[in-house]
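Enquirer: Combine the two chains into a complex, taking the hints into account.
First to last, the protein sequences are chains A and B. The first sequence begins at 1 in the working numbering and counts up one residue at a time. The second sequence begins at 1001 in the working numbering and counts up one residue at a time.
What the hints contain is simulated information worked out from the structure, not anything from laboratory work. None of the values given here were measured: they were computed from a predicted structure. C-beta: ideal position from N, C-alpha, C; glycine also. Don't take each hint at face value.
[Stated by the list, open to error] In the DMTMM-like style, the derived pairs of lysine to aspartate or glutamate whose C-alpha atoms are separated by at most 20 angstroms in a straight line are: (1) B:Lys1023 - A:Glu44; (2) B:Lys1049 - A:Asp159; (3) B:Lys1042 - A:Glu174; (4) A:Lys41 - A:Asp167; (5) B:Lys1049 - A:Asp167; (6) A:Lys78 - B:Asp1012; (7) A:Lys41 - A:Asp157; (8) A:Lys78 - A:Asp37; (9) A:Lys78 - A:Glu174; (10) B:Lys1042 - A:Asp167; (11) A:Lys78 - A:Asp112; (12) B:Lys1049 - A:Asp37; (13) A:Lys81 - A:Glu44; (14) B:Lys1049 - A:Asp157; (15) A:Lys78 - A:Asp167; (16) B:Lys1042 - A:Asp169.
[Claimed, not checked] Non-contacting residues of chain A with respect to chain B, defined by C-beta distances greater than 10 angstroms in every case (computed): (17) Asp35; (18) Ser82; (19) Ala92; (20) Thr150; (21) Leu170; (22) Leu177.
[What the hints assert, rightly or not] What the simulated footprint calls covered on chain A by chain B, stretch by stretch (three residues with Cβ under 8 angstroms from a Cβ of chain B suffice, anywhere in the stretch; the number is not a length): (23) 139-149; (24) 178-184.
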Amino acid sequence: MLIPPFAGVGLKACDRAGADITATVFAPNGFMKVDADYTAKPFEEWRARDWPRTYQNPNYRNLFAVGIAFAPPHAISKPMKSPNGTPINPTAPRTGMPSAAMGKAVAASIRDMLKGAPAPTHTASMAEAGAVCVASTGAHLFKGSAASITVFPVVPDRDTYPQYGRDVDLTFFEVGLAGHWMKFLLHHVFIYQANLRPGWSFLPD
Amino acid sequence: MTGETHEPYRQDYYPPIPTAFTKFRRTSIVWQFFRFIAINVKILRVMTKSIQTSGSQR
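If we strip away everything but chain B, and leave its shape as in the complex, we get (with noise of 0.2 angstroms):
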């Protein structure tokens, strides 16, 4: 393990000011449609990981 893996707060992982195109997307219906059943499938994902990992040690 280096000290690279214990430094949370580097300034590149802060997120960027959004700019007019991705204030577009954020309320675009059609591009959303896409973003909701992407996000759905992670969330999915998620939970199924969350289920293996955890439960019964029978």
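Chain A on its own, in the form it takes in the complex (with noise of 0.2 angstroms):
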């Protein structure tokens, strides 16, 4: 899907004394700093351990960015250009979820931290987490169909995976009736979840 580039909403922050501390807390493009490695490097030095695992801002431990909130260090597959010239950054999907993944482990940080944890407790790294995707038309149990995506690790880790940097059995696409079935089960999932009915937190999200 090709779209605008994002960016943050250009907020200006401001320390005890006055004095402007934008440029410490959110990167150019307005997204929050975290604990990723924000060296400028080219696309073959990009790696895996470049991403952030616990989104703390690294000046202000109380500062924490997840989803689509923290600034990526760089994009995840070569950066490409146009005919035109216009630049083409394929950037890492980070709603859905990642972005519950994410959130999760920061909470669970705060709550430690709340309770005298000096650091982070919790991580959720984008290149060693995989994430699900599943499209679905038509509400006919029978007539419908879906496309199912599963992707591990989401940023890729050439490391661990030097041939395409992903695990490619884990890392599939699909068109057919079965993923509209799933889809149909996560509806129902969700909503049960949404209503806190009987063991609710008990089932995957």
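Expert: Okay, here's the thing in structure tokens:
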């Protein structure tokens, strides 16, 4: 999917003395800096370890950014250019399942830090976690269709998986009715969890 | 690491056009029943592996 580049909301940050700390807290694109390696380097030198694990701002320990709010260290696959020179930079999907994993890890870290832990206690690197996406069409159980997609890890790790950067057994795409059934179940599980019905927290999210 | 590693846009990575048999399998209830099980297993493996690699640092 080709869309215009995302950017942060352009917040201005000031410290207690009123000094402008925007450049310390936010990357130039407006997203918050976290524990990623933001050193500028060519595509061939990008590594999975560049990606954040705790999502804590390196200068302010009480600031965290997850999902679409944190500044990615770089794109996830080779930057390209259209014939008229427009840069096309494939960025990591940071919504949906990865967001939930990050949010859960950061919430657990904050809970532990409030109880006295000196540093974040939980991690959720996108270079170590997978994601699943099921996109379905139609409401009829036997007439709909869907695309089922899994990817592991979300950010390619070329040290662990040298050939493609991902586990090719766990990274797949399939079109068919089966995905539609799965989406039907996911829909009802989601509503069940949203209503906080018995055992909701044990169901997968 | 070789240059081969960093060539993500080769033509042979693109999917082929589905045949009539492929389209039939995508809508066959019997075949899709087995695919439903297979895809569920795959998704569970992705989730299990994600939980194993992320989590508590303690």
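Enquirer: Do at least three Cβ atoms from the stretch 139-149 of chain A come closer than 8 angstroms to Cβ atoms of chain B?
Expert: holds (count 3)
Enquirer: Would the pair Lys78 of chain A and Asp1012 of chain B pass a check requiring their Cα atoms to be no farther apart than 20 angstroms?
Expert: holds, 17 angstroms
Enquirer: Verify the coverage statement for the stretch 178-184 of chain A against chain B, using a C-beta to C-beta distance below 8 angstroms and requiring 3 or more qualifying residues.
Expert: holds (count 4)
Enquirer: For Thr150 of chain A, is the shortest CB-to-CB distance to chain B above 10 angstroms, so the non-interface label stands?
Expert: The claim breaks: Thr150 of chain A does not keep its Cβ more than 10 angstroms from every Cβ of chain B (closest is about 5 angstroms).
Enquirer: When you check the alpha-carbon spacing of Lys41 of chain A and Asp167 of chain A, does it fall within 20 angstroms?
Expert: Violated: Lys41 of chain A and Asp167 of chain A sit about 25 angstroms apart, past 20 angstroms.
Enquirer: Quick one, are Lys78 of chain A and Glu174 of chain A close enough, alpha carbons at most 20 angstroms?
Expert: Outside the cut-off at roughly 24 angstroms; violated.
Enquirer: Is Lys78 of chain A close enough to Asp37 of chain A, meaning Cα to Cα at most 20 angstroms?
Expert: holds, 18 angstroms
Enquirer: Please verify that the nearest CB of chain B lies beyond 10 angstroms from Ser82 of chain A's CB.
Expert: holds, 13 angstroms
Enquirer: Regarding the pair Lys41 of chain A and Asp157 of chain A, is the alpha-carbon distance no greater than 20 angstroms?
Expert: Holds, at about 16 angstroms.
Enquirer: Does the structure keep Lys78 of chain A and Asp167 of chain A at a Cα separation of 20 angstroms or less?
Expert: holds, 18 angstroms
Enquirer: Minimum C-beta separation from Leu177 of chain A to chain B exceeding 10 angstroms: can you confirm that?
Expert: violated, 4 angstroms
Enquirer: Confirm or reject the statement that Leu170 of chain A sits farther than 10 angstroms, beta carbon to beta carbon, from all of chain B.
Expert: Incorrect as stated: the minimum Cβ-Cβ distance to chain B is 5 angstroms, not above 10 angstroms.
The structure shown violates the earlier hints numbered 1, 4, 9, 11, 12, 20, 21 and 22.
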